[in-house]
Each structure stands twice: as structure tokens, then as C-alpha cells.
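Colleague: Input sequences plus hints: build the corresponding full structure.
By my numbering, the letter at position 139 of the sequence shown is numbered 139, and the numbering carries on one by one without gaps.
I should point out that these hints are in silico values taken from the structure, not numbers from a laboratory.
There may be inaccurate statements among the hints.
The following label-pair restraints were derived from C-beta to C-beta distances [unchecked claim]: (1) Thr145 x Gly369: 48 to 58 angstroms; (2) Phe384 x Pro217: 17 to 27 angstroms; (3) Gln218 x Ser140: 40 to 50 angstroms; (4) Glu135 x Asp174: 16 to 26 angstroms; (5) Arg256 x Arg327: 50 to 60 angstroms; (6) Thr265 x Arg339: 42 to 52 angstroms; (7) Ser47 x Gly129: 47 to 57 angstroms; (8) Ala245 x Asp193: 15 to 25 angstroms; (9) Tyr50 x Gly79: 14 to 24 angstroms; (10) Ala189 x Arg327: 33 to 43 angstroms; (11) Asp99 x Asp193: 30 to 40 angstroms; (12) Ala266 x Trp346: 36 to 46 angstroms; (13) Glu184 x Asp365: 38 to 48 angstroms; (14) Pro262 x Glu184: 52 to 62 angstroms.
Beta carbons are placed, not taken as given, at the ideal position from N, Cα and C, and that holds for glycine.
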Amino acid sequence: MVLGENEPGGASRSTTVVVIGAGPAGLTVANLLRTCGVDCVVLERGSREYVAQRQRAGIVESRAVRMFETWGLADLVLGGAPHDGILEFRVDGETHLVDDNDGSEGPGARLCPQQLLVANLTAAHLADGGDIRYEVADVSLHGLTGDRPTVRYRSADGTPHSITCDFVAGCDGDHGVTRAAVPEGVLSAHGFDHGVGWLTVLADAPPPAHPLLAVSPQGFAAHFPRGPQRSRYYLQCPPDDRPEAWPDHRVWEALRTRLADPALTAGPITDRETFRLRSLVHDPMQYGRLFLVGDAAHIVSPMGGKGMNLALYDADLFARAVRDHVRDQDDTALRSYSRRCLRRVWNDQEFSHWLTRTVHDAGDDTHRGPFLRNLARARLHRLFTSPTAAQAFAEQMTGLDPTPDPSAPTIR
Numbered sequence: 001m002v003l004g005e006n007e008p009g010g011a012s013r014s015t016t017v018v019v020i021g022a023g024p025a026g027l028t029v030a031n032l033l034r035t036c037g038v039d040c041v042v043l044e045r046g047s048r049e050y051v052a053q054r055q056r057a058g059i060v061e062s063r064a065v066r067m068f069e070t071w072g073l074a075d076l077v078l079g080g081a082p083h084d085g086i087l088e089f090r091v092d093g094e095t096h097l098v099d100d101n102d103g104s105e106g107p108g109a110r111l112c113p114q115q116l117l118v119a120n121l122t123a124a125h126l127a128d129g130g131d132i133r134y135e136v137a138d139v140s141l142h143g144l145t146g147d148r149p150t151v152r153y154r155s156a157d158g159t160p161h162s163i164t165c166d167f168v169a170g171c172d173g174d175h176g177v178t179r180a181a182v183p184e185g186v187l188s189a190h191g192f193d194h195g196v197g198w199l200t201v202l203a204d205a206p207p208p209a210h211p212l213l214a215v216s217p218q219g220f221a222a223h224f225p226r227g228p229q230r231s232r233y234y235l236q237c238p239p240d241d242r243p244e245a246w247p248d249h250r251v252w253e254a255l256r257t258r259l260a261d262p263a264l265t266a267g268p269i270t271d272r273e274t275f276r277l278r279s280l281v282h283d284p285m286q287y288g289r290l291f292l293v294g295d296a297a298h299i300v301s302p303m304g305g306k307g308m309n310l311a312l313y314d315a316d317l318f319a320r321a322v323r324d325h326v327r328d329q330d331d332t333a334l335r336s337y338s339r340r341c342l343r344r345v346w347n348d349q350e351f352s353h354w355l356t357r358t359v360h361d362a363g364d365d366t367h368r369g370p371f372l373r374n375l376a377r378a379r380l381h382r383l384f385t386s387p388t389a390a391q392a393f394a395e396q397m398t399g400l401d402p403t404p405d406p407s408a409p410t411i412r
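Modeller: Structure, rendered in C-alpha cells:
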């Protein structure tokens, strides 16, 4: 079935996997499943236009690029420019270039904004005959601990539908219906509030030569490319700040100060929002035949760009596990899904926490104090001067796992 087609009169349908959510996680799951011949249906509460315009992370790390290549999908779904591997740290106006090349063979990371990845994943899935149903409402999950769960929903015109399946992939984010369908007490939630707020701004302004992280006594700031003439900026702010507290003139003044670039070119601001930096992990990532993928299972501080990449990692493991179940009647990977995902999740949470604390503590010491400020400065100095520290940083940034999971299956 194709986009927009639903069974007349709400007749039920059967499939192997129902994927809830048409963001990067859900669409990656759907594309990987279709690649290995597994039938699935994708349900999304937003419109196709809404999903396509969501602006989020911009770097697909090297490990994820290799994953798409392994599945034969890299040329179809990855766009954007290759990331040259250089990050700029600017500390009190002094530039330090750090190469995140981890020394491994194969393709490097790609500067691929989420909306481009989603558009390409959507087009690839539909071109292959995939089924994506947008603007669904009242999604509910039933019989998750049985052999054949049922997903019920209403289409945009109010017609009720039900889909019986073998598995449900919960790819609908932190506030979706899938995790809420798990009974209370089954999952353990491990959360952390970093005590830091960010203002994020999207503007039609020239991008930097390299992704830029800036530390200054006035607070943290960052500048990332989002296109040939588009940039994403970040400014540290109080955790409960509101976007209206940041009119255009204040945004550009703060950016020029914290980035130590008085000549920074301004441009029309097309989007701005504020949010608290937080981290959250739910354990386990499975309940019966429901498997949580991406933000439905874990939230990562934006530092290090791990959120979307972790979602892609989860999707890869889940699709392989379902493939093994369907093709070989082997449930080994399904049983180990949560453990193997969480191993990577905690690794990336640690790196993100380290980088978050380092770049924020090293700047404004009003809240954290001079002791932690000097510790953070020492970590930065080690990164800039020690080849060993730089190599470890590069491995974390690119997603290289120097001690791979011995139980991980291979693509066959």
C-alpha cells in the first residue's frame, strides 16, 4: 500500500511490524525492513509537511554512514556535504582546531540536516512501495505481551482502523504513545538535568568554515552549518528563559561577543526556541513485542550530536533482529536488543555529559565556581595538546567502538 491509502470502512490489516513515528528512527527502521523483505506500516500523527520541516541535528556520524552503506542505502538516503572532520574550539577568542578523524577506514561523517535525511528516507520508502500513514489520531496498543499485538488508530477523516502485527517499533519520541503504553513500574527512568538552558536560532546567514564551539566568560555559544547560506546558532541561557527574551539585536550582540567575532554577518532569523539540557534513559528498551527506538527510549544532551545517531543505531539493531526472526526463526538478537542498545546509549551519554560539562564549566563560572572552571580548562588543554586525548575524542565523535560487542550479528 502507498501513502494515503487506507482500508475502506476501517477494515483491519495484518503486517509484520507497525512503526509508530515517521522521524529519522521510524523511517530508518522502515527502510531497513523493506530492504530485507519484511512488511511494515508506518503511522505518524503529524502531516507529511510538518514532519519534513522539523529542524534538528545535522551530522550523521561515520558509524551511521557505514551502516547505511552496509544496507546499500547510503546513495539513496544520505545527502549534504561530507564533514571534513575538523571542529573549531574557540576559547576566549583563541582558535584550536581538533580533527575528529579516528583513523578508521571507510566513509566519514556527513553534514546532513535532519529534514534532508527525513525527506530522502521518505522518498526511498515510498518509491519501494512502502506504506506511511500521516495525520493519524487516537493510536493505542493492545496485546503487547501476546503473540500478535494490535495497533488501533483513526485516520484523518475519523475512520477507525486496526493493524495486527508481530512487533511494534516505538519511534514516536519522548512524549509519544508507545512508551506510555508500558505499564507503570516496568521501565526504570534514569534522568539528569544539566542545569543549563540553550537558545537555538536558525538564520539565513553564512555558515562557519568548521563547526564551532566557543567558550567565554559570557557563556557558551556555537555556530553550525545548515546549508550553503544557512546557520544554526546556540547560546547558553538560564534554564527557564523564554524565546521572547531574545530579540534579534540581543541574539547578534551575544553571538558576536561569545564567538569573539565582531564582524559576524547577521541574517534573517527564521526560527528560535529555548530548552533545558537534559539526559534520560529508560531501561529496558523492550516490553513484550514493543521495542523502543531512539528518543522514545533515551534523550541525550545535544553536545556531541549523539541523539539522532543513537536512534539510527537502535534502528539498525532492531531491523537486523526482526530479519533474523523472520528469515531464520532466530530470536537471539530480539532477546538481546535492549542490552546491546543500552551499552551504546550509556557510552554516548557519558561522552555527551563530559563535553557538556567541559564547555559550559570552562566559561561562565557564576554557578559552577572557579574550581570546576579550572578543571574544565585543564580538560580542554589536554584535548588541544595531547595526541592520545585527541584520538580518544575523535573515536567518540565518530561513533567508533574500539571494543565491539562480541554478540553483535553481522549483515548476511
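Colleague: Could you run down the list of hints and mark each one as holding or not?
Modeller: Here is what the structure says about each hint:
Range check, Thr145 to Gly369: about 50 angstroms between beta-carbon atoms, so the 48 to 58 angstroms window is met. Checked against the given bound of 17 to 27 angstroms, the beta carbons of Phe384 and Pro217, roughly 19 angstroms apart, stay inside it. Here the CB-CB span from Gln218 to Ser140 is close to 49 angstroms, well matched to the stated 40 to 50 angstroms. The supplied range of 16 to 26 angstroms is met by Glu135 and Asp174, whose beta-carbon atoms lie about 21 angstroms from each other.
Remark: the range hint 50 to 60 angstroms for Arg256 to Arg327 is upheld by a beta-carbon distance near 57 angstroms. Distance hint for Thr265 and Arg339: a CB-CB separation of about 48 angstroms, consistent with the stated range 42 to 52 angstroms. Checking the proposed 47 to 57 angstroms range against Ser47 and Gly129 shows it is violated: the Cβ atoms sit about 21 angstroms from each other. Between Ala245 and Asp193 the C-beta distance comes to about 20 angstroms, which sits within the given range of 15 to 25 angstroms.
A C-beta distance of roughly 20 angstroms is found between Tyr50 and Gly79, which places it inside the suggested range of 14 to 24 angstroms. Distance hint for Ala189 and Arg327: a CB-CB separation of about 34 angstroms, consistent with the stated range 33 to 43 angstroms. At roughly 33 angstroms, the beta carbons of Asp99 and Asp193 sit within the given window of 30 to 40 angstroms. Evaluation of the 36 to 46 angstroms hint for Ala266 and Trp346 yields a pass: the beta carbon distance comes to about 40 angstroms.
For Glu184 paired with Asp365, a C-beta distance near 41 angstroms keeps the hint of 38 to 48 angstroms intact. Pro262 and Glu184 have their C-beta atoms about 54 angstroms apart, which keeps the hinted 52 to 62 angstroms range intact.
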